[in-house]
Structure formats: C-alpha cells, structure tokens
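**Q** The chain contents come next:
There are 2 protein chains.
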Amino acid sequence: MAERVESRVFRGVRDLLPREMAARQWLIERIRGVYERYGFLPLETPALEHLDVLTGSAGDEASQSIFRVRNPDDPSDEQPVDRLGLRFDLTVPLARVVAQYRDLPRPFRRYQVSPVWRADRPDRGRFREFIQFDIDSVGVESNVADVEIMAAMCDTLSALEVGPFRVRFSSRRILNLLLRYAEIPDTLIVRPRRTADSPPGEPVERAGADVFRVLDKLEKIGRDNVRLELTTGYADKSGDWVPGLGLSGEQVDRIDRFVSIQGDRRAEVLKQLSALFADVPGAADEIESLSDMSRQLEMLGYGDDRVALDLSVARGLAYYTGPVFEAILLDAPQFGSVFGGGRYDELVMRFSGEKLPATGASIGVDRLLAALVHLDRAPKRTAAAQVLVAVVDRPMMDEYLAMTFELRRAGIAAELYLGGKGMGRQFKYADQLGIPVVVVYGGNEKARGIVVLKDMQAGLARSAEITDHQDWVRERPGQTEVPHGEMIPALRKLLGEIEGETSKS
Amino acid sequence: MAERVESRVFRGVRDLLPREMAARQWLIERIRGVYERYGFLPLETPALEHLDVLTGSAGDEASQSIFRVRNPDDPSDEQPVDRLGLRFDLTVPLARVVAQYRDLPRPFRRYQVSPVWRADRPDRGRFREFIQFDIDSVGVESNVADVEIMAAMCDTLSALEVGPFRVRFSSRRILNLLLRYAEIPDTLIVRPRRTADSPPGEPVERAGADVFRVLDKLEKIGRDNVRLELTTGYADKSGDWVPGLGLSGEQVDRIDRFVSIQGDRRAEVLKQLSALFADVPGAADEIESLSDMSRQLEMLGYGDDRVALDLSVARGLAYYTGPVFEAILLDAPQFGSVFGGGRYDELVMRFSGEKLPATGASIGVDRLLAALVHLDRAPKRTAAAQVLVAVVDRPMMDEYLAMTFELRRAGIAAELYLGGKGMGRQFKYADQLGIPVVVVYGGNEKARGIVVLKDMQAGLARSAEITDHQDWVRERPGQTEVPHGEMIPALRKLLGEIEGETSKS
Numbered sequence: 000m001a002e003r004v005e006s007r008v009f010r011g012v013r014d015l016l017p018r019e020m021a022a023r024q025w026l027i028e029r030i031r032g033v034y035e036r037y038g039f040l041p042l043e044t045p046a047l048e049h050l051d052v053l054t055g056s057a058g059d060e061a062s063q064s065i066f067r068v069r070n071p072d073d074p075s076d077e078q079p080v081d082r083l084g085l086r087f088d089l090t091v092p093l094a095r096v097v098a099q100y101r102d103l104p105r106p107f108r109r110y111q112v113s114p115v116w117r118a119d120r121p122d123r124g125r126f127r128e129f130i131q132f133d134i135d136s137v138g139v140e141s142n143v144a145d146v147e148i149m150a151a152m153c154d155t156l157s158a159l160e161v162g163p164f165r166v167r168f169s170s171r172r173i174l175n176l177l178l179r180y181a182e183i184p185d186t187l188i189v190r191p192r193r194t195a196d197s198p199p200g201e202p203v204e205r206a207g208a209d210v211f212r213v214l215d216k217l218e219k220i221g222r223d224n225v226r227l228e229l230t231t232g233y234a235d236k237s238g239d240w241v242p243g244l245g246l247s248g249e250q251v252d253r254i255d256r257f258v259s260i261q262g263d264r265r266a267e268v269l270k271q272l273s274a275l276f277a278d279v280p281g282a283a284d285e286i287e288s289l290s291d292m293s294r295q296l297e298m299l300g301y302g303d304d305r306v307a308l309d310l311s312v313a314r315g316l317a318y319y320t321g322p323v324f325e326a327i328l329l330d331a332p333q334f335g336s337v338f339g340g341g342r343y344d345e346l347v348m349r350f351s352g353e354k355l356p357a358t359g360a361s362i363g364v365d366r367l368l369a370a371l372v373h374l375d376r377a378p379k380r381t382a383a384a385q386v387l388v389a390v391v392d393r394p395m396m397d398e399y400l401a402m403t404f405e406l407r408r409a410g411i412a413a414e415l416y417l418g419g420k421g422m423g424r425q426f427k428y429a430d431q432l433g434i435p436v437v438v439v440y441g442g443n444e445k446a447r448g449i450v451v452l453k454d455m456q457a458g459l460a461r462s463a464e465i466t467d468h469q470d471w472v473r474e475r476p477g478q479t480e481v482p483h484g485e486m487i488p489a490l491r492k493l494l495g496e497i498e499g500e501t502s503k504s
Numbered sequence: 000m001a002e003r004v005e006s007r008v009f010r011g012v013r014d015l016l017p018r019e020m021a022a023r024q025w026l027i028e029r030i031r032g033v034y035e036r037y038g039f040l041p042l043e044t045p046a047l048e049h050l051d052v053l054t055g056s057a058g059d060e061a062s063q064s065i066f067r068v069r070n071p072d073d074p075s076d077e078q079p080v081d082r083l084g085l086r087f088d089l090t091v092p093l094a095r096v097v098a099q100y101r102d103l104p105r106p107f108r109r110y111q112v113s114p115v116w117r118a119d120r121p122d123r124g125r126f127r128e129f130i131q132f133d134i135d136s137v138g139v140e141s142n143v144a145d146v147e148i149m150a151a152m153c154d155t156l157s158a159l160e161v162g163p164f165r166v167r168f169s170s171r172r173i174l175n176l177l178l179r180y181a182e183i184p185d186t187l188i189v190r191p192r193r194t195a196d197s198p199p200g201e202p203v204e205r206a207g208a209d210v211f212r213v214l215d216k217l218e219k220i221g222r223d224n225v226r227l228e229l230t231t232g233y234a235d236k237s238g239d240w241v242p243g244l245g246l247s248g249e250q251v252d253r254i255d256r257f258v259s260i261q262g263d264r265r266a267e268v269l270k271q272l273s274a275l276f277a278d279v280p281g282a283a284d285e286i287e288s289l290s291d292m293s294r295q296l297e298m299l300g301y302g303d304d305r306v307a308l309d310l311s312v313a314r315g316l317a318y319y320t321g322p323v324f325e326a327i328l329l330d331a332p333q334f335g336s337v338f339g340g341g342r343y344d345e346l347v348m349r350f351s352g353e354k355l356p357a358t359g360a361s362i363g364v365d366r367l368l369a370a371l372v373h374l375d376r377a378p379k380r381t382a383a384a385q386v387l388v389a390v391v392d393r394p395m396m397d398e399y400l401a402m403t404f405e406l407r408r409a410g411i412a413a414e415l416y417l418g419g420k421g422m423g424r425q426f427k428y429a430d431q432l433g434i435p436v437v438v439v440y441g442g443n444e445k446a447r448g449i450v451v452l453k454d455m456q457a458g459l460a461r462s463a464e465i466t467d468h469q470d471w472v473r474e475r476p477g478q479t480e481v482p483h484g485e486m487i488p489a490l491r492k493l494l495g496e497i498e499g500e501t502s503k504s
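So the sequence lines, in the order shown, correspond to chains A and B. Residue numbering for the first sequence follows numbering that gives the first Met the number 0, beginning at 0 and increasing consecutively. Residue numbering for the second sequence follows numbering that gives the first Met the number 0, beginning at 0 and increasing consecutively.
Since the hints were made in silico from the structure, they are not lab data. Cβ coordinates follow ideal geometry from the N, Cα and C atoms, glycine included. It cannot be assumed that every hint is accurate.
Stated by the list, open to error - Distance ranges between label pairs, derived from CB positions:
| id | chain 1 | residue 1 | chain 2 | residue 2 | range |
| --- | --- | --- | --- | --- | --- |
| 1 | B | Ser157 | A | Asn175 | 32 to 42 Å |
| 2 | A | Gln456 | B | Asp102 | 15 to 25 Å |
| 3 | B | Ala457 | A | Arg29 | 33 to 43 Å |
| 4 | A | Leu329 | B | Arg29 | 52 to 62 Å |
| 5 | A | Gly421 | B | Arg190 | 38 to 48 Å |
| 6 | A | Arg205 | B | Arg125 | 46 to 56 Å |
| 7 | A | Arg380 | B | Arg29 | 11 to 21 Å |
| 8 | B | Glu345 | A | Lys379 | 19 to 29 Å |
| 9 | B | Asp102 | A | Arg380 | 14 to 24 Å |
| 10 | B | Thr186 | A | Asp470 | 27 to 37 Å |
| 11 | A | Gln431 | B | Pro202 | 54 to 64 Å |
| 12 | A | Ile220 | B | Asn443 | 55 to 65 Å |
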C-alpha cells in the first residue's frame, strides 16, 4: 500500500452509523408498509442520468444543483448531449420512465425510495446526498388521486408515530384565480428605483406569478413589508433595496383580502373564498373541486384536525399545476415541511409531448428523522443481535460456535464474541451495541450442566467494573441460571420480557 | 417547458420496473434477514467519496473504473485532493469508516446494501451501476470469523432458494507457500521474445505472484498453454505473442503437482496438500488453519456437498491476505461467482496506519437475480395490491373510495381504479399488474346488498374479451357473490386460497 490517506467524507455528505441506520430503516419499512397497502408499485431508476433529462432546458434553475459526472464514453466531456449528472429528485426520472416505457400500466402508481444529490451549499440538516421516499399516480386526472395522496401522507405520519402533525393543502389554480381577481397581468414591468448617485435602471419584466414568491415570504418578512414589496419596494434591514412589483393600492387590497382568509375549518375557508371570488370567472368550478376533496377527506376520517385548507401553501417547484400539499410536525415546525407534493400535469410532456396528468408527494426521510431525533421520538431500535455468546474459556471455542448457530437456527439473532480477551470487555461490547442478553458458559457452568443468562439492563452498573471471570462468578449481577437443555425457551421468555419493557411498538 | 428531451438511460445503467424491483426487494429482505440473525449491524456510507479515498494511490488499477464527479466547491477541478468519485465497492468505504470513527465497537461487524458504480465497458449482465450486499467482520484475527462468513454465504443462498450451490474456499497464504515450494523468487525477470523483424525487448520485472494470474486462466486457456505461459511463452490463437514468465521445468512440475490436488472431500485435499508441502517451512501451520476451518464447518453442518476446499480459488482483488471464498450456482455456472470475498488484514492500514484484521463477503444481488431469472427461479412476487376496487358507476365514486379505505384499514392492500372507462379495461389493468381479485359493485349489486369478488386467474381468459358491464353481468367468469357486510372475511378467505396456490413460500 502507498502513502496514508486521510479518512474523511466530502462536505455535505455523511455516514449513517448503525444506530441511525437502524432508525432510518425502521422509518423506510413503516412507510413502505403504508404505500404497499395503497397498492403503489416499487420502481428503481439509476442515479446517473443524462444531463439533459435532468435539466430539460439548459437555463433551468435546478441545473445549478446538479452534480456533474464525467462520461467515460466521452472523457473529453465535449458532447453536450452525453453529459451526465446525478438525479436531484425522483419525479423527473419518473416522468422519463413513463414516457420511455409505453407498455407500463396506466394509471401508473409507483413508490420509490432512493438517494438524491444536490450540489447546494450544505447547512445544518441540509445534506448534499439524502434519501427521498416518493409516491405518485401518473395518468389520473381525477382529484380523487390527490385525496388519496393526502390520505397516504396522514396514514404514513401516523404509522411513524411522529406526534401531532398537520397536512395543509391549496391549489395553484386558486392562486391563478387570485391574479385574475386582483387584475394582475401576466407580465409586470418593474422599474428599479432611481437613487441620487445612480442613473435610473432599465425596466425589467417579471411574471405576474412573481406575486406568489412574495406572498411566500409572509411568515418571514411580515405583512407590511410584503405590501411594500408588492408596490413601491423597500430597504431591508441591511439597507439593500428590495424592488417593488409596482402593484396599485387597489390590487394589493385585493391580495390582502385573499391572504386574510384563514380558518381552522376547511368549510369556513371555502365559504369565505366563495364570497371573495363570487364574480371571478371560473372560480366556482375550482372551489367546487376543493370542496369535493374536502368532503371526501371528511368521509374517510381525515378531519380538520389533520388536514387544513391553507391558501398560503404554494410550494417551491415550478412544475406544479393543481393541488399542492405539505405536512409539518406541530411540535417541530422549525423543521418546515417534512412531506410535500402536488399535481404536475405537464411534466411528462417534456419527454413524450403527450399531456399526462400526475400527482404525488415526497417524504424527506432524513429531515424527518432529524426532527424525530430532536423530539426524542426516533425509533430506538438497534438492529443488533439479541444475544451475545461470551467466550469464557478459549479452548471451548467450538462449543460457543455451535451454541451460536443453535440460537440462530432457532430464530434468535445471535453473535459470538470474537474480540479481545476479558469478561468485562465482552459486557461492555454488549452494552455498546445494545445487545440485551449475554450467554455465559465456562468450565464451571459446563460441569454443572447449566448456562447463565445475563440481562444487561439489570446488571449494567456493576458489570462495567468487573474484569475477571472469578469476580463475576462471585457476584453475578442480573443473572439467571438455566439448565443447558432449556437455554432456548428460557432465552425466548427473557427476550420477550425485555422487549415488552423497552421497545417502541 | 422548452424543447422535447429524448427519454433514455445512459449506456450500462438501467431502470428496474415494478416486477424486477419486487424480485430484487424480496432478495434483499431475505438476505437482510439472514445477516440480522447473525448480528451484523446496518451501515450506510455516501455514494460520493473523495477520489484519493477510493484509489489509495493514483496508480491503482481500480481507479480506471471510477466515475469522476465534479466538486462544486472546486469547479475548476484543479485540486487533486478535492476530486470526487462514486464508490466502486463497499469494502473501501468500510475501511475508511473504521479508521475515521475510533469509538465504533470492536469487533465491528456490519452489513451494507447499496449501489456501486464502475465505469467499465458494459456487457450482458455487467452493469455500470449495481447493488452489492456485503457483510464484514473488522477487528477479528481468528479464522472463526471466516468460518462464520462462509456459513452466512450458505445460509443466505439456502434462504434465497437458488437451488444447488457450492461455496469454494482456499487461502492466499497457501498460494504464497506454493511460491516457496516451487522456489519462485519474489521478482521474476521476463525477457520479451526476440523476433526476426524486431530487436530484443528490454527485460521486464514481474512479481512472483504473477504466477497466480496465469493459474487463474486454467479453465480458460487449458493446462498446456498455462505451462507455456509459465515458461517460454506462446503465440495465442490470434497469433499474438504471450510472453512466458521464464520458470524452469522443475518449477512448473511443482506447480503442476499443486494444481493436480483436487477432491470432492476437504479432508482428502488437505491430506494431499500436507504430503506435497511436507518440507515447506510454515506450511504445517497454514494447513492446520484450513483444517480447523474445515472441522468447524463440518461441526456446524456445512459438509463437503456445500463447501469445497478448492486450491484454484484466488479471487481477483489485490487486497486479500488470507482465506478467500466464492460461491457458484451449480445449475448456472456460466454466471460465475455470485458471492465472493476473503480476508484483507491490511486494507484499514491505508487510512489509519493501524493493522486491523478484517474478513467479509459481497453478494452481487443483480447478477444473482439475473441467474435466477435465467433458471426461472426468481421470486414471482409483484408487490401489487391484493384487491382492485372497480369503478362500475362513476356517480358511486364516494362509495368506492370508502370501500377502498375500509379494505386498507383491514390490512388488505387495495387500489381504487382511477384510469379510463370500461370494465374490460379495468380487468386488463388488474391482470397486467397481477392484482388477484377485483371487487365489482354497481347499482345492481347495491340494490341486492351484495358485492361480487372476481378471481382474476379463474376468469382471466374470458374477461379480456368483455368490454361492457352488461355482458359481464350475464357471464360473470370466476365470480363469487357475497353479502356486502361479509366482504372482508370473504376476501381474506379468497386471498388465502389464491396465495396457497401460487406464492413462492
């Protein structure tokens, strides 16, 4: 071997050591259980995709976040069409798959749990490689599919025992109606502010939908500054000028009235919205859609306590076209949305030219796990063996080995200790891994035809201090002696008792 | 959206559509079950690693196979120490982890199931992105750990119901003894052949261990050509000159005697090997190690039928230092080794400088799955819903939705059909997905207080031809009528019968 290499990981990625990994696996298995009960089918796509598949068009904002990979078939990296990247989400690959395999079932309802990569600046809880767990229904126009996605979000969060949560939903179509109601044109001409020491800036075109970007900042910058940003602009805390969108007082008053619609009950929000949009063409149909979804949610038992109609929900991604949804943990709102999605009826068109409606949601497994760890509600599973077979007398190794396999074949997860010498070391090892029971069997026990089962929790405090087998024999903290022939039933009983005391159900 | 993008995947990677993915998942869950019974702990490491972590030293052969990734923190790609790559195996990242986290348990016994990437030329069954499932014991010097790895290989292949298989093992140390026995020096001087139209080539240094590379070709090129390559060299079929290693006749005779040691019984092979190496210093200890391993395997029930001592096993990777093992499927030997590994006592040193013994094995999940598909022994699971709730009358949608959730809450995986109209289409959909039962409930059934359960297998042939609900009502192929209130117990019974007939246990 050549010179020494520093052991380290790249900034923004991380290792999951066994305890975290066991918790993540528990989450993934629980989520998978819910999705399979809903009949979603598993799909896997490659991490490596052609760059144009990921970006769609070169100017796309998302393309800044894509890790570029050198194509070994074109090491010069000169053929733009051959460039490679790591996927940044699971929705774009799904759209590609649906366009590529024409004989897939329609509707195509799939789940996928896979890592995604984002070359963004890493931050606390923001990783460059993380797991997403998505469900999507492709080829379904009916909003029943959206209802089902929200129901699955609720059932999943319940199955994960995350504590109280709220799913919030709205619709991009309602926001588009707001533009109509406030008489905001498709294109706004924004004039940068003239200052004493600079010439007037050139006018800039902004989309009418830019209003949503500003509304999204409501919780962050407050109502007054939102009003200023929609009209004249304002100087923020650092003194930087935030240009205004140039809306009129009447336009902003109308937006204000929309934003003021709030309520704990979906029916109440719908009633206010109907009144406000009474004269807006097309509004009645959209409100009826939301009302139908709300009624179906109610019928299925997803009441106002778990699913709220919240008109401030917009979601960041550009491809949404209809209902949008997100979920927050009420005890950890600072972690933001842990589960979000919406309807994207035009994404598949990018590949096939065919308009194929679709809706879905994505759970950020790692962010959710971080929130659960913060709340001390993460699953405590260790995935370690249930029993450690200690090596008391080295010459008896064959007997320990046979005993270990006897346990495994009885369905008990067992490990034979193969590390350094000393009883104390073996107990510490079991403790460190979270192995609940150690089987102790030396020449003495063999002569008496017994084995000793040590309950680690019961004997923990004292054992760490014992280094010698003879000392151990004298004290025997947390111990049970059983005849050798009864080892397996006795272990099953002891493990059942321990599990009853400590496990997360 | 901008211009249309062609939907395609990069050469050498692939999508796993639901049926394949369900089969892969079944394999992974079964393998995980065995490993957890052995007490291996789960670990996950990032796909992105610093390039020097992966390659060790720049000249490494493996580095040719690494996908290079541009580091967003250094987009110029000029800082060699910051370059990134995708991992090509799970062993090197494990060695990094063990060196990096000093408070990990020792021994550290972990499993990891993750994709790896290799920028090699793709071929039939050789992918550039594929799943590996590894177990390793780090920090265990005792060969009991190697015995345990081989036992786990056997138990895993049994659990996967792959049919007859054989684990073959040997040891790098025995091959090193062969060099001593045949009096082959550490360095060989190879003289390229002088030809009529070219000057004599410069002498080249080759390692004595190059002999193993030649022996590895035994099955491919035959005994005579191996003999020639070890001595004078020879012209291969295409006329190209394969230079010889320049060994003497006596040296090759000795290698020949070693290679001739074969036997169906491990004890027989050990006996012959003892006789051959009777005068080789250090041989007795190594042979005793193999003998101990063989005895322990026998004691645990892994007899000569499942585990063979095969002195021709060498394994390709450079880092092995002790026992090496591989498994082949006896009914599909052309797929080669589907599971392989060995002891690598010096790999962790690359990072920590500390010698930390380790042993493990890796299962090529995708290659194994390809072999099972070839043998028609792949699991037939579909992971689809168990029941499809058909939409007979659109105005009854709320009732179908409620029925679907009633089934899900009873633990029955259910899907509400949300695609295009027509009963025939719904039956075809259930058939395509492998959903075994369709619940049919229209105005007629509602009036009679019943639901109809359609067993897809039983009614398959006829149904594909029926497009109209009225026709269906007249014929009702494979149908059972049950009172609405008895739907769930009746479904449980029907699903139990269907599963009993078709499932892989």
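**Q** Take the hints in turn and mark each one as holding or not.
**A** Here is how each hint holds up against the structure:
no.: 1; hint: B:Ser157 x A:Asn175: 32 to 42 Å; in the structure: 60 Å, violated
no.: 2; hint: A:Gln456 x B:Asp102: 15 to 25 Å; in the structure: 21 Å, holds
no.: 3; hint: B:Ala457 x A:Arg29: 33 to 43 Å; in the structure: 35 Å, holds
no.: 4; hint: A:Leu329 x B:Arg29: 52 to 62 Å; in the structure: 39 Å, violated
no.: 5; hint: A:Gly421 x B:Arg190: 38 to 48 Å; in the structure: 57 Å, violated
no.: 6; hint: A:Arg205 x B:Arg125: 46 to 56 Å; in the structure: 52 Å, holds
no.: 7; hint: A:Arg380 x B:Arg29: 11 to 21 Å; in the structure: 20 Å, holds
no.: 8; hint: B:Glu345 x A:Lys379: 19 to 29 Å; in the structure: 37 Å, violated
no.: 9; hint: B:Asp102 x A:Arg380: 14 to 24 Å; in the structure: 20 Å, holds
no.: 10; hint: B:Thr186 x A:Asp470: 27 to 37 Å; in the structure: 55 Å, violated
no.: 11; hint: A:Gln431 x B:Pro202: 54 to 64 Å; in the structure: 56 Å, holds
no.: 12; hint: A:Ile220 x B:Asn443: 55 to 65 Å; in the structure: 60 Å, holds
Of the numbered hints stated above, those contradicted by the structure are hints 1, 4, 5, 8 and 10, listed in ascending order.
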